Amino acid sequence: MAQPVRIEPDLQFVKELQAVGGESLKKCYQCATCSVACPISPASNPYPRKEMVWASWGMRDKLLNNVDIWLCHNCGTCSDLCPRGAKPGDLLAALRNMAYQRLTKPSIVGKWMSSPKYLPILFGIPAVLWAVVWMIMASVNGTVIPEGTIVFGKLFPGDFTIDPIFIVTFFSMVGIFWKGTRNLIASFKPEGKTLVLGKTKHWILHLVDVLREEILTHSKFKDCGDDRSDRKVGHMAVFYSFIILMIVTAIVAAGHWGGKVIPAIALHTPMPLLFPVKILANIGAIMLVVGLAILTHRRRQQDPEKTRSNYYDWYLLNVIWFVTLTGIGAQLFRLADIAPVAYFVYYLHLVSVWMLFAYLPWSKLGHLVYRTAALTYVRMMGRR
Amino acid sequence: MAKKIGVYFDKSNIGAGLDLDALSDVVTGKFGGSCPVVKVFPVLGAETARQEIRQDIAENELDGVLIIGSSPRVDWDLYRFEGVTVERVNLREQGVLGYGAKVEAGEDAEADEDLFKLAADYVRMGVVKLTKMEEAGGGEVESVRTIMVLGGGWTGLTAAVNAANSGYDVVLVEKEAELGGRAKGLLKTVPLKYPYTDVHDTGIEQKIAAVEGNERITVLTSAKVRKVSGQPGQFTAVVKTKDGNQEIPVGAIVMATGWQPMDAGVMAPFGYGTLEGVVTAAEFEKMAKEGTLKARRVAFILNTGLVDGGDIYTSVCDEEPAEAAAAKPEAEDDEQTSYEHKDLESLRHLPYTNAISSVVALKQAGYVCDASEDGQAFILYDSMVVQGIHERFYKAAQDKLGVMMSKADITGVAQAEDGGLLVRAANTLMGEDVEIRVDMVVLPTGMVPSTAKDPVVWFDYRQGPNLPDLDLFDGYADSNYICFPYETRRTGLYAAGCVRQPMMLDAAEEDAIGATMKAIQCIESANRGMAVHPRSGDLSYPIFNFVRCTQCKRCTEECPFGALDDDEKGTPKPNFSRCRRCGTCMGACPERVISFANYNIDQIGSMIREIEVPDDMNAGGPRVLILACENDAYPALDMAALRGHHWSPYVRIIPVRCLGSVNAIWVADAMSKGIDGVMLLGCKYGDDYQCHFVKGSEICNRRKENIAETLNRLGVEPERVEQYEVAIDEYDKLPGMIDEFMNMILEKGPNPFKGY
Chain X
1 MAQPVRIEPD
11 LQFVKELQAV
21 GGESLKKCYQ
31 CATCSVACPI
41 SPASNPYPRK
51 EMVWASWGMR
61 DKLLNNVDIW
71 LCHNCGTCSD
81 LCPRGAKPGD
91 LLAALRNMAY
101 QRLTKPSIVG
111 KWMSSPKYLP
121 ILFGIPAVLW
131 AVVWMIMASV
141 NGTVIPEGTI
151 VFGKLFPGDF
161 TIDPIFIVTF
171 FSMVGIFWKG
181 TRNLIASFKP
191 EGKTLVLGKT
201 KHWILHLVDV
211 LREEILTHSK
221 FKDCGDDRSD
231 RKVGHMAVFY
241 SFIILMIVTA
251 IVAAGHWGGK
261 VIPAIALHTP
271 MPLLFPVKIL
281 ANIGAIMLVV
291 GLAILTHRRR
301 QQDPEKTRSN
311 YYDWYLLNVI
321 WFVTLTGIGA
331 QLFRLADIAP
341 VAYFVYYLHL
351 VSVWMLFAYL
361 PWSKLGHLVY
371 RTAALTYVRM
381 MGRR
Chain V
1 MAKKIGVYFD
11 KSNIGAGLDL
21 DALSDVVTGK
31 FGGSCPVVKV
41 FPVLGAETAR
51 QEIRQDIAEN
61 ELDGVLIIGS
71 SPRVDWDLYR
81 FEGVTVERVN
91 LREQGVLGYG
101 AKVEAGEDAE
111 ADEDLFKLAA
121 DYVRMGVVKL
131 TKMEEAGGGE
141 VESVRTIMVL
151 GGGWTGLTAA
161 VNAANSGYDV
171 VLVEKEAELG
181 GRAKGLLKTV
191 PLKYPYTDVH
201 DTGIEQKIAA
211 VEGNERITVL
221 TSAKVRKVSG
231 QPGQFTAVVK
241 TKDGNQEIPV
251 GAIVMATGWQ
261 PMDAGVMAPF
271 GYGTLEGVVT
281 AAEFEKMAKE
291 GTLKARRVAF
301 ILNTGLVDGG
311 DIYTSVCDEE
321 PAEAAAAKPE
331 AEDDEQTSYE
341 HKDLESLRHL
351 PYTNAISSVV
361 ALKQAGYVCD
371 ASEDGQAFIL
381 YDSMVVQGIH
391 ERFYKAAQDK
401 LGVMMSKADI
411 TGVAQAEDGG
421 LLVRAANTLM
431 GEDVEIRVDM
441 VVLPTGMVPS
451 TAKDPVVWFD
461 YRQGPNLPDL
471 DLFDGYADSN
481 YICFPYETRR
491 TGLYAAGCVR
501 QPMMLDAAEE
511 DAIGATMKAI
521 QCIESANRGM
531 AVHPRSGDLS
541 YPIFNFVRCT
551 QCKRCTEECP
561 FGALDDDEKG
571 TPKPNFSRCR
581 RCGTCMGACP
591 ERVISFANYN
601 IDQIGSMIRE
611 IEVPDDMNAG
621 GPRVLILACE
631 NDAYPALDMA
641 ALRGHHWSPY
651 VRIIPVRCLG
661 SVNAIWVADA
671 MSKGIDGVML
681 LGCKYGDDYQ
691 CHFVKGSEIC
701 NRRKENIAET
711 LNRLGVEPER
721 VEQYEVAIDE
731 YDKLPGMIDE
741 FMNMILEKGP
751 NPFKGY
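So the protein sequences, as listed, match chains X and V.
Using full-length UniProt numbering, the first residue of the first sequence is number 1, and each one after it goes up by one.
Using full-length UniProt numbering, the first residue of the second sequence is number 1, and each one after it goes up by one.
Okay, chain X solo, but in the shape it has when bound (with noise of 0.2 Å):
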């Protein structure tokens, strides 16, 4: 018989769990609903009835070292079919928001990112930041709105102020990426690995197959249920457009910076709107409103009995609704010409892409990188 386990129940950690999402977790009694039922949760030691009484026992560093949160796409079964309303879906999604407060360094930003309260500093940060820079320019221009047609380059130039910050925040932001996933991939070690029998491949390869086979198709959101098309396409059309919009970006930063060095590839914004760039642009703008709408609406449309959505769903949401509304209102009123509301508008904008961009690790959009991460991880591992 193997060595008993000593239990040290942490009723601190219980607490909170509690408090990112799992409120119910000790209302579940292990009938196993929720594991039965679960469609793509593995044949051999299936989640998420043993994070149930993992959680309830405050068995604290089972649950943080568990790579089946990560399997989890939230579906929402369990939850529904849950007889004690015990919302297991809650509590994976819980231990997500718990990983990315752990993973991801500095910690501070983590708590920040828990509660509403918090809410005024994450704001605050790149409201001053911003406002310091329309200020710069505002006392070089000589006046705070510019004068003649509307070109935020004016006031928010791209050479000086917002490749710069940008840049500075994309690679702080994947070198925090990089120091978290590999606290996460190391925190999975303890629990042992399957003999996988034949050719192993490189952890690259399998990256490729889940980037394949799961995330460009999200065909685990196929699986997961069989009448959650709306959230399939909800989150499509928003994975999608930030693809869209990565690329546009991507192709005004390469004409703009290329433009320097070969002005026959040369881009300025603003872009005529029927460039095929600006429409590129504007049909990622609309995909990613249609999303978020239909995305709000599900959320919105949950009982509360089965499924709570947490503050980690609501600030993602809301941070993605501020980009895409300031982005899509800086265009409308920079055509309607109406100076002052558009630069403020504008201002907005740049306001909430760095949040968006600069405290993606601690937000529930870390999934994107440690979901990937996983994903890859249980592939090595044979766990399928």
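Because the hints were derived from the structure by calculation, they are not lab data.
Because the structure is a prediction, the values reported are computed rather than measured.
Among these hints, one or two may not hold up.
The list that follows gives simulated cross-link-like pairs (lysine-lysine, BS3-like), each with its CA atoms no further than 27 Å apart [to be verified]:
id, chain 1, residue 1, chain 2, residue 2
1, V, Lys342, V, Lys240
2, X, Lys201, X, Lys220
3, X, Lys306, V, Lys400
4, X, Lys154, X, Lys278
5, V, Lys289, V, Lys175
6, V, Lys175, V, Lys39
7, X, Lys232, X, Lys306
8, V, Lys704, X, Lys15
9, V, Lys553, X, Lys306
10, V, Lys227, V, Lys573
11, V, Lys188, X, Lys27
12, V, Lys553, V, Lys569
13, X, Lys27, V, Lys395
14, V, Lys188, V, Lys175
15, X, Lys27, V, Lys224
16, V, Lys342, V, Lys553
17, V, Lys407, X, Lys15
18, V, Lys395, V, Lys407
19, X, Lys27, V, Lys400
20, V, Lys117, V, Lys175
21, V, Lys395, X, Lys306
22, V, Lys754, V, Lys117
23, X, Lys15, V, Lys400
24, V, Lys704, V, Lys748
25, V, Lys673, V, Lys573
26, V, Lys4, V, Lys30
27, V, Lys224, V, Lys286
28, V, Lys227, V, Lys342
29, V, Lys748, X, Lys27
30, V, Lys400, V, Lys193
31, V, Lys342, V, Lys286
32, V, Lys286, V, Lys175
33, V, Lys294, X, Lys15
34, V, Lys240, V, Lys175
35, X, Lys201, X, Lys179
Stretches of chain X that chain V covers, calculated by requiring three or more beta carbons in the stretch to come under 8 Å of a beta carbon on chain V [said to hold, decoys possible]:
id, region
36, 24-32
37, 51-59
38, 292-304
Note that the Cβ used here is the ideal one computed from N, Cα and C, for glycine as well.
Add chain V to chain X, keeping to what the hints say.
This is chain V only, laid out in the frame that chain X set:
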């Protein structure tokens, strides 16, 4: 003894396939003198028809009415006529439907003839039955309107107040010096009121005050019953008190003598008795009540597999628990010394108590978690059994941060390095073997009913002071029939609370009220000369023709309810209000001494003799007599017919009160008459008996073996008499049983006595 009978046919129920006019001729032909009125009504249930019957009764001075139509189990409220004896002949279910519906009227002449013969037999049997029947009555017993409640705990106090408020005097007997019982030792109770989520005070003090302030209730503390004699309505209880013995006349008794904790010595495998901090739930409650509880981390072990193997169906070793066996009840006087009570305490009382232990663990886990912020309670169970509304309490307890539960097999309890305790468990829900460091371990307390240790009531009955067959229920004074809670094997004694089965305060309260109602019913029934149960309202009772009695004592021994005492010579001494009117005594008596006014040996024998048996089995078919228990088998036959099942036209069914009342002479009558076989249809017997009278079908089966022996000697195959066990819901199997029996008879050929 009906002499002028009106016979009425109900065309609406049995007209199909039966020539009722021809049947009327059968009646007038055979019983013309005693049946002055024979009529066929198109619809007998109509008020006009019944009006006409009333007229006939008045004009012709009828003293008996025979209704021929549907089963006596239906429409019984329609056919009640003042001043005459009414009998029903069931030609609908057990005639036209059970057989006749098989063929369309007129299509098969032979089948029609069989149906007519069957109907004619039943009609003649009906008339004869009526002529051998008298109105029952006259068994009134002057009742004492006092209820004795044994036990002054939660249940007893509730019963006492309830009885007093219903207008009866109460004598409450408590063995301890104070009222309150075990409820008094509880710190809190599992919630008894909405929202059923939080523990609260029991309220036992208010109950005690209500009893002490009630003028109708006499409380005897430090008192014990030493003897109860007499019969319901007229018991005499001898109660030993501080001031000596008191003789108290009582009408009925509510037994609420509760439970005692099981010998905790058996818990040694969990470290009980050797490790400090290992206690039972009862001891834990006491510590909580006294405020001496310090433990922050407590394991509540509900899986007692280490002790009882986890299987409640394994047989219990006789030598366990060793200590309990040694503790014999103290004999207090000569009469009591001659009786030796078998101690029925066993390991099984642990699993029996599981439903209580589970909820108590939840409650006590709450004590731990509510006492301090960091309180932790681990509940390790095999099965949490939380009944009914207590599910709400379970949910509330579960929601407490410090309460942790898991299914677990306990592998051991050991001393921890730091002086605490280590509980080790395997097969947990956490997916691995675990050990938990705790300050205390709480083990469940098995609730042993007081009747397992002691006869409690000390009946002065011929069959002994104790309730019979208590070992079937491991000492609980339960009757095992779901339909009749509170009933015991002694009429007038009603069990309530934990002496009946382990239960919590809410259920005990309900029990107390139920048992009080039964006690009241008993007193009032005795007063009117009626049976209490299960033939409630039956006015008949056994009448003894002592001239022929040979003092063989079979009746006194076989009575399942100890109704018969005897004198020095062995002559039976009936106690009518103890009797449940099953007729087992009548079936037992070889001298046919015992009869009921409306049910007797001669009556059934005469009915059997009315069955026409064709001399040639091949020409007229065989004949088989079915004696069917009227509680289960007879209704099952009705149901079978109503649901479209059919059986042979060659059987004749006679209902009996209980197979226990079947006298061997009836079988002899049938065989000598040339009937080819006798089927006895009765309830299931044995440990899981379903017999309304507990022992009837079992006794009948025993008698059947004697009958078989006799038949064998006479050269008749014993297989011709067979007993079948039928549950009331097995109606669909009945036709198959009958077919099987008929085939066997056809194979064996005619009864060798046929034609003599």
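Quick rundown of the hints versus the structure:
1. V:Lys342 x V:Lys240: 23 Å, holds
2. X:Lys201 x X:Lys220: Between X:Lys201 and X:Lys220 the Cα gap is close to 22 Å, so the pair holds against 27 Å.
3. X:Lys306 x V:Lys400: Holds. X:Lys306 to V:Lys400 sits at ~20 Å (cutoff 27 Å).
4. X:Lys154 x X:Lys278: 20 Å, holds
5. V:Lys289 x V:Lys175: This hinted pair holds, its Cα atoms lying about 23 Å apart.
6. V:Lys175 x V:Lys39: 67 Å, violated
7. X:Lys232 x X:Lys306: Distance of about 20 Å is within 27 Å: holds.
8. V:Lys704 x X:Lys15: 72 Å, violated
9. V:Lys553 x X:Lys306: 71 Å, violated
10. V:Lys227 x V:Lys573: Holds. V:Lys227 to V:Lys573 sits at ~19 Å (cutoff 27 Å).
11. V:Lys188 x X:Lys27: 24 Å, holds
12. V:Lys553 x V:Lys569: Distance of about 10 Å is within 27 Å: holds.
13. X:Lys27 x V:Lys395: Distance of about 7 Å is within 27 Å: holds.
14. V:Lys188 x V:Lys175: Between V:Lys188 and V:Lys175 the Cα gap is close to 24 Å, so the pair holds against 27 Å.
15. X:Lys27 x V:Lys224: 48 Å, violated
16. V:Lys342 x V:Lys553: 25 Å, holds
17. V:Lys407 x X:Lys15: This hinted pair holds, its Cα atoms lying about 23 Å apart.
18. V:Lys395 x V:Lys407: 16 Å, holds
19. X:Lys27 x V:Lys400: 9 Å, holds
20. V:Lys117 x V:Lys175: 67 Å, violated
21. V:Lys395 x X:Lys306: 17 Å, holds
22. V:Lys754 x V:Lys117: Roughly 18 Å separates the two Cα atoms, so the pair holds.
23. X:Lys15 x V:Lys400: With Cα atoms ~11 Å apart, X:Lys15 and V:Lys400 stay inside 27 Å; holds.
24. V:Lys704 x V:Lys748: 19 Å, holds
25. V:Lys673 x V:Lys573: Violated: V:Lys673 and V:Lys573 sit about 35 Å apart, past 27 Å.
26. V:Lys4 x V:Lys30: 14 Å, holds
27. V:Lys224 x V:Lys286: 26 Å, holds
28. V:Lys227 x V:Lys342: Holds: V:Lys227 and V:Lys342 sit about 19 Å apart, inside 27 Å.
29. V:Lys748 x X:Lys27: Measuring from Cα to Cα gives roughly 68 Å; hence the hint is violated.
30. V:Lys400 x V:Lys193: Roughly 20 Å separates the two Cα atoms, so the pair holds.
31. V:Lys342 x V:Lys286: 30 Å, violated
32. V:Lys286 x V:Lys175: This hinted pair holds, its Cα atoms lying about 20 Å apart.
33. V:Lys294 x X:Lys15: Answer holds: V:Lys294 to X:Lys15 is near 24 Å, not above 27 Å.
34. V:Lys240 x V:Lys175: 10 Å, holds
35. X:Lys201 x X:Lys179: 23 Å, holds
36. 24-32: Check passed, 4 qualifying residues.
37. 51-59: Holds, because 6 residues of the region 51-59 of chain X bring their Cβ atoms closer than 8 Å to Cβ atoms of chain V.
38. 292-304: Per the Cβ count (0), the hint is violated.
Checked against the numbered hints above, the structure breaks hints 6, 8, 9, 15, 20, 25, 29, 31, 38 and satisfies the rest.
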